[in-house]
Amino acid sequence: MAGFIIFLLVLLVFVIIYQIGKSSELASIIRGEEYVKLKTNRTIASLFVVFFILGIYGIWKCNEYFKGMMLPVAACKTGERYDSMFMVTLAVTGVVFFATQAVLFWFAFKYQSSEKRKSSYFFSHSNSLEVIWTTIPAIAMTILVAIGLRNWFEVTAPAPANAMVVEIVGKQFNWLVRYPGKDNELGVRDFRKINDANNVLGLDWSDPHNADDIISATGEMHLVVNRPVKLLIGSRDVIHDVGLPHFRLKMDAVPGISSTLSFTPTITTAEMKTKTGNPDFVYEIACDQLCGSGHYSMRGTIIVETQEEYDAWMAKQPTYYSNNKPTEVKPVAGNTTEKAEPKATEKAMIN
Amino acid sequence: MNNAAITLDGSHLSHPAISNDHHAEEHHAHEHHEQHFVWKYIFSQDHKMISKQFIITGIIWAIIGALFSVFFRLQLGFPDTSFPIMEKMLGEWAKGGKLTPEFYYALVTMHGTILVFFVLTAGLSGTFANLLIPLQIGARDMASPFMNMLSYWFFFLSSVFMLVSLFVETGPASGGWTTYPPLSALKEASKGAGLGMDLWLISMALFVVSSLLGGLNYISTVLNMRTKGMTMTRMPLTVWALLFTAVLGVLSFPVLFSGFVLLIFDRNFGTSFYLSEIFIGGKALSHIGGSAILYQHLFWFLGHPEVYIIMLPGMGMASEILSINSRKPIFGYFAMIISLVGITFLAFVVWAHHMFVTGMSPFLGSVFVLLTLCIAVPSAVKVFNWLTTLWRGNIRYNVQMCFAIGFVSLFISGGLTGIFLGNSALDIHLHDTYFVIAHFHIVMGVSGIFGMFAGIYHWFPKMFGRFLNSTLGYIHFFVTIIGAYLIFWPMHYEGIAGMPRRYYDISSWQSFKQFQPINGFISIVSIIVFAVQLLFVFNFFFSIFRGRKMTTKNPWGATSLEWTTDIHPIHGNWEGDIPEVHRWPYDYKDDGNGGDFIPQTVPLRPGEENHK
Ligand code: HEM
Ligand SMILES: [Cu+2]
Ligand SMILES: [Cu+2]
Chain A
1 MAGFIIFLLV
11 LLVFVIIYQI
21 GKSSELASII
31 RGEEYVKLKT
41 NRTIASLFVV
51 FFILGIYGIW
61 KCNEYFKGMM
71 LPVAACKTGE
81 RYDSMFMVTL
91 AVTGVVFFAT
101 QAVLFWFAFK
111 YQSSEKRKSS
121 YFFSHSNSLE
131 VIWTTIPAIA
141 MTILVAIGLR
151 NWFEVTAPAP
161 ANAMVVEIVG
171 KQFNWLVRYP
181 GKDNELGVRD
191 FRKINDANNV
201 LGLDWSDPHN
211 ADDIISATGE
221 MHLVVNRPVK
231 LLIGSRDVIH
241 DVGLPHFRLK
251 MDAVPGISST
261 LSFTPTITTA
271 EMKTKTGNPD
281 FVYEIACDQL
291 CGSGHYSMRG
301 TIIVETQEEY
311 DAWMAKQPTY
321 YSNNKPTEVK
331 PVAGNTTEKA
341 EPKATEKAMI
351 N
Chain B
1001 MNNAAITLDG
1011 SHLSHPAISN
1021 DHHAEEHHAH
1031 EHHEQHFVWK
1041 YIFSQDHKMI
1051 SKQFIITGII
1061 WAIIGALFSV
1071 FFRLQLGFPD
1081 TSFPIMEKML
1091 GEWAKGGKLT
1101 PEFYYALVTM
1111 HGTILVFFVL
1121 TAGLSGTFAN
1131 LLIPLQIGAR
1141 DMASPFMNML
1151 SYWFFFLSSV
1161 FMLVSLFVET
1171 GPASGGWTTY
1181 PPLSALKEAS
1191 KGAGLGMDLW
1201 LISMALFVVS
1211 SLLGGLNYIS
1221 TVLNMRTKGM
1231 TMTRMPLTVW
1241 ALLFTAVLGV
1251 LSFPVLFSGF
1261 VLLIFDRNFG
1271 TSFYLSEIFI
1281 GGKALSHIGG
1291 SAILYQHLFW
1301 FLGHPEVYII
1311 MLPGMGMASE
1321 ILSINSRKPI
1331 FGYFAMIISL
1341 VGITFLAFVV
1351 WAHHMFVTGM
1361 SPFLGSVFVL
1371 LTLCIAVPSA
1381 VKVFNWLTTL
1391 WRGNIRYNVQ
1401 MCFAIGFVSL
1411 FISGGLTGIF
1421 LGNSALDIHL
1431 HDTYFVIAHF
1441 HIVMGVSGIF
1451 GMFAGIYHWF
1461 PKMFGRFLNS
1471 TLGYIHFFVT
1481 IIGAYLIFWP
1491 MHYEGIAGMP
1501 RRYYDISSWQ
1511 SFKQFQPING
1521 FISIVSIIVF
1531 AVQLLFVFNF
1541 FFSIFRGRKM
1551 TTKNPWGATS
1561 LEWTTDIHPI
1571 HGNWEGDIPE
1581 VHRWPYDYKD
1591 DGNGGDFIPQ
1601 TVPLRPGEEN
1611 HK
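Those protein sequences? They're chains A and B, same order as listed.
Take the first sequence: its letters are residues 1 to 351, numbered as in the numbering used here.
Take the second sequence: its letters are residues 1001 to 1612, numbered as in the numbering used here.
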């Protein structure tokens, strides 16, 4: 009922505005259509100028407002490159933005029809102008593409041989992180062996490399500062995305396909806490691909620390095997009875 | 060549053969009244009536789609507040006045689908291609009025399925408007992947059929049914733009269709086109060897052209309206056509810029970077030509002119952010953040709809013989443009800060929770903007019956042919012969008698040169 009354009230307001509008149109016929038209013209043209000026002021205000809310400095080398390329692009597009918008609203005001301006200037085309304003954007784009591709190949370059390898696998709705353990090698996994009770990643226990692997289901990833890392990214169910805003990186996690990201963190979590003045600072892993109703809560974290801290932490981690001893199959060193097929994940790596 | 003896029959149900022949004397204007209500208003084959059907259906969808955005903006802006009104309207999906995450995603998905496809594709092209193509090229109707009618009714059927999907128990599709599998393929993955998703796919398949029937018709009409003297280079830019819109649709919708068919197979018949190595709902599925990325290629092969399907009609109409109201020819008519060709061609070869971070080969990515940034060039050319059209004009500010200028402003703002996203090295951080939301809402959502509004204010008199109220129009314009910038400008910052799109709640995120207050602000503005759109809807429907009546045939002083028809044109458009065309459509210059324009039907004066 209340809804209906509100509806009627809104309708009434609309009708009233409409009638006011209509009467002003009628008045215009009495006062002389021409006069009113010019007056409307002047008002609207001036409003455009006001809009432009307030807009510029608004942009400035908006900048002020967001200062201090944005991301801190990039926490890896490619991220620094990213930020500088972003600023270059912002400068180029910013100049174009202000120039074209200013011209648009300036023309809109200047060339309004008025008592003085009663006709237009017949000017239908100019090939030289077209050539100029085709060439200039083309050059600008070439430069941006050149910078972009240089950075792109750098950021997608294969990880250096000494990189530590960490696997991160998405599932609805959390991240599973696996470290290769002492042998420095991740064992084979098979989605058919997954079992939420005691084998979340489907580790194939017939592969000895799995015996010392370490899995964190809390979504916390530990990395060593200044040590290159290669993330092997996968998914158990639907597409997720490993979003690392502080490193200016992201990569999809697609079931059946393995993708990678490699980077070198340069700032530890502790340093970042002092840099940002935020004692709660933490590097976050945000899922960036809609993956279902819990997408927004699919949060992981990264702790970047020194080698010593990392080693100390690592020493305390139990192997996944020790915590989840499978009853059926024991890891067999060397030969295997069950033939482990090479996994698609291994085959389809992009780098 | 010119239409001689092409009859527009096939309309034996509604209207006895209207001959398209120039000299045919058998125009049955008097039989006009004899049509039965059903054939005149419902199963009409008159392109003008079909265009009204499209716009009214489009407006209804627009209200639904926009209302959904208000609901989920309430959640985003005020996650801790309960809104009893939502519970009233949405029932158990908003228990206690708060959306459930599942339904939040369903609303987001429906909002996107409805606005992209039903409003800005069918509602926009359907309305204006139907209205303007025959009227502006001087044809009595479409090449096939019957197919044209089918095009609307397939759209209607598609709408019915989509509407029904809103009411099924597990809710409508909730995997985003792009409906990526496996999320959309597996019933275990989300509630919305159940019956809602099946209905979504059926609806969209029907939609593709509608869009193809329409598109083929528009193309053949433009190519074959132009009146005498209407060479291709004498067509208004609206017709050019609508032609390329149809070309884009006809060449890319079938690919989407095949993508959907494969998805239907994966969902129901056990195939593995998109599925491989999945463990979900407590068990490992038997699917092996498919690729989830394949779907994205098929989807974006339409998806990118689709954004230009939305943009081009607005570009055409804005060109026309800017020129008419500057009382000046459009600047660089041929450059405008060439840039349309460029955009149309490039639109087919940039799709993978939506997929830079899918794990695609970096080399392939770099090719798409290059092609994508090429598109910025013809886009820039268009902007410069619009600006120069205003230069030294004699500008009249009716409502449609305001919207056309707003269109240009928004197109610039949104196009420039495309340059960030098109560069994979920058997209790797910006992808799927609010920066993308800001980009495409400004460039496609708002700019596209500004083009549509401009068109509506401009051609409403042609459709209904009355004017929209302009006071309401000015209010509508200024509140909408200010609101649009207030809503979307701050989202760029959120995106640069890495805030992901499609997050139901950000309160648990250390890096993003500081944006909660600004989200509240955005939500408030969006409610105001929504209210003003209702004001427009009111204006639209009220003016159909109560608007100021049109008293002259050509109220805006335009040169093109649609304004030579009667105030209430008959089915067949011109009572007598179809007018002959003698000049290009942009002769806004002294006509020698104190007028400032020369209609296309006026023969060249002695010594006057044809525009080249
Ligand atoms: C200068 C020209 C443009 C360039 C270079 C460009 C580039 C891009 C890129 C690279 C993306 C993908 C971003 C991402 O998901 O990470 C994107 C998204 C998008 N663009 Fe553009 N764009 C341009 C103009 C347009 C126009 C004119 C429209 C619409 C008429 C448009 C509509 C969209 C839409 C709808 C999306 C997002 C789709 C989604 O993920 O839901 N863009 N644009
Ligand atoms: Cu997710
Ligand atoms: Cu695109």
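Hints listed in this document are in silico derivations from the structure and should not be mistaken for laboratory results.
Be a bit skeptical, because a hint or two may be false.
As the list claims (entries may be wrong) - Okay, derived cross-link-like pairs now, DSBU-like style, lysine-lysine, Cα gap no bigger than 30 Å in a straight line:
{"id": "1", "chain 1": "A", "residue 1": "Lys77", "chain 2": "A", "residue 2": "Lys22"}
{"id": "2", "chain 1": "A", "residue 1": "Lys39", "chain 2": "B", "residue 2": "Lys1589"}
{"id": "3", "chain 1": "B", "residue 1": "Lys1553", "chain 2": "A", "residue 2": "Lys118"}
{"id": "4", "chain 1": "A", "residue 1": "Lys325", "chain 2": "A", "residue 2": "Lys67"}
{"id": "5", "chain 1": "B", "residue 1": "Lys1187", "chain 2": "A", "residue 2": "Lys37"}
{"id": "6", "chain 1": "A", "residue 1": "Lys61", "chain 2": "A", "residue 2": "Lys275"}
{"id": "7", "chain 1": "A", "residue 1": "Lys118", "chain 2": "A", "residue 2": "Lys230"}
{"id": "8", "chain 1": "B", "residue 1": "Lys1513", "chain 2": "A", "residue 2": "Lys77"}
{"id": "9", "chain 1": "A", "residue 1": "Lys116", "chain 2": "A", "residue 2": "Lys193"}
{"id": "10", "chain 1": "A", "residue 1": "Lys37", "chain 2": "B", "residue 2": "Lys1553"}
{"id": "11", "chain 1": "A", "residue 1": "Lys116", "chain 2": "B", "residue 2": "Lys1589"}
{"id": "12", "chain 1": "A", "residue 1": "Lys273", "chain 2": "B", "residue 2": "Lys1513"}
{"id": "13", "chain 1": "B", "residue 1": "Lys1052", "chain 2": "B", "residue 2": "Lys1187"}
{"id": "14", "chain 1": "B", "residue 1": "Lys1513", "chain 2": "A", "residue 2": "Lys67"}
{"id": "15", "chain 1": "A", "residue 1": "Lys22", "chain 2": "B", "residue 2": "Lys1095"}
{"id": "16", "chain 1": "A", "residue 1": "Lys22", "chain 2": "B", "residue 2": "Lys1088"}
{"id": "17", "chain 1": "A", "residue 1": "Lys118", "chain 2": "B", "residue 2": "Lys1589"}
{"id": "18", "chain 1": "B", "residue 1": "Lys1052", "chain 2": "A", "residue 2": "Lys116"}
{"id": "19", "chain 1": "B", "residue 1": "Lys1283", "chain 2": "A", "residue 2": "Lys37"}
{"id": "20", "chain 1": "B", "residue 1": "Lys1513", "chain 2": "A", "residue 2": "Lys61"}
{"id": "21", "chain 1": "A", "residue 1": "Lys325", "chain 2": "B", "residue 2": "Lys1283"}
{"id": "22", "chain 1": "A", "residue 1": "Lys110", "chain 2": "B", "residue 2": "Lys1589"}
{"id": "23", "chain 1": "B", "residue 1": "Lys1088", "chain 2": "B", "residue 2": "Lys1228"}
Notebook entry, point to check: Do the alpha carbons of Lys325/A and Lys67/A lie within 30 Å of each other, as the hint requires?
Noted result: Violated, at roughly 51 Å.
Note to self: Can you confirm whether the C-alpha distance between Lys273/A and Lys1513/B stays at or below 30 Å?
What the structure shows: holds (17 Å)
Note to self: With the threshold set at 30 Å, check whether the alpha-carbon distance from Lys37/A to Lys1553/B stays at or below it.
What the structure shows: holds (20 Å)
Next item on the list: Take the C-alpha atoms of Lys22/A and Lys1088/B, compute the straight-line distance between them, and say whether it is at most 30 Å.
Entry: Violated: Lys22/A and Lys1088/B sit about 36 Å apart, past 30 Å.
Note to self: With the threshold set at 30 Å, check whether the alpha-carbon distance from Lys22/A to Lys1095/B stays at or below it.
What the structure shows: Distance of about 44 Å is beyond 30 Å: violated.
Margin query: For a C-alpha distance cap of 30 Å, please report whether Lys110/A and Lys1589/B respect it.
Written below: With a Cα-Cα distance of about 20 Å, the restraint between Lys110/A and Lys1589/B holds, given a limit of 30 Å.
Next item on the list: Sort out whether Lys37/A lies within 30 Å of Lys1283/B, counting only the CA atoms.
Entry: Violated - the C-alpha atoms of Lys37/A and Lys1283/B are around 72 Å apart, more than 30 Å.
Checklist line | Given pair status - Lys1187/B, Lys1052/B, alpha carbons within 30 Å | finding: violated (39 Å)
Notebook entry, point to check: Are Lys1513/B and Lys77/A close enough, with their CA atoms no more than 30 Å apart?
Noted result: The given pair, whose Cα atoms are some 26 Å apart, holds under the 30 Å limit.
Notebook entry, point to check: Taking 30 Å as the top limit, are the C-alpha atoms of Lys118/A and Lys1589/B close enough?
Noted result: holds (12 Å)
Check: Does the alpha-carbon distance linking Lys77/A and Lys22/A stay inside the 30 Å limit?
Finding: violated (64 Å)
Next item on the list: For the pair we were handed, Lys116/A and Lys193/A, check the Cα-Cα distance against 30 Å.
Entry: violated (83 Å)
Checked against the numbered hints given earlier, this structure breaks hints 1, 4, 5, 7, 9, 13, 15, 16, 18, 19, 23; the rest are met.
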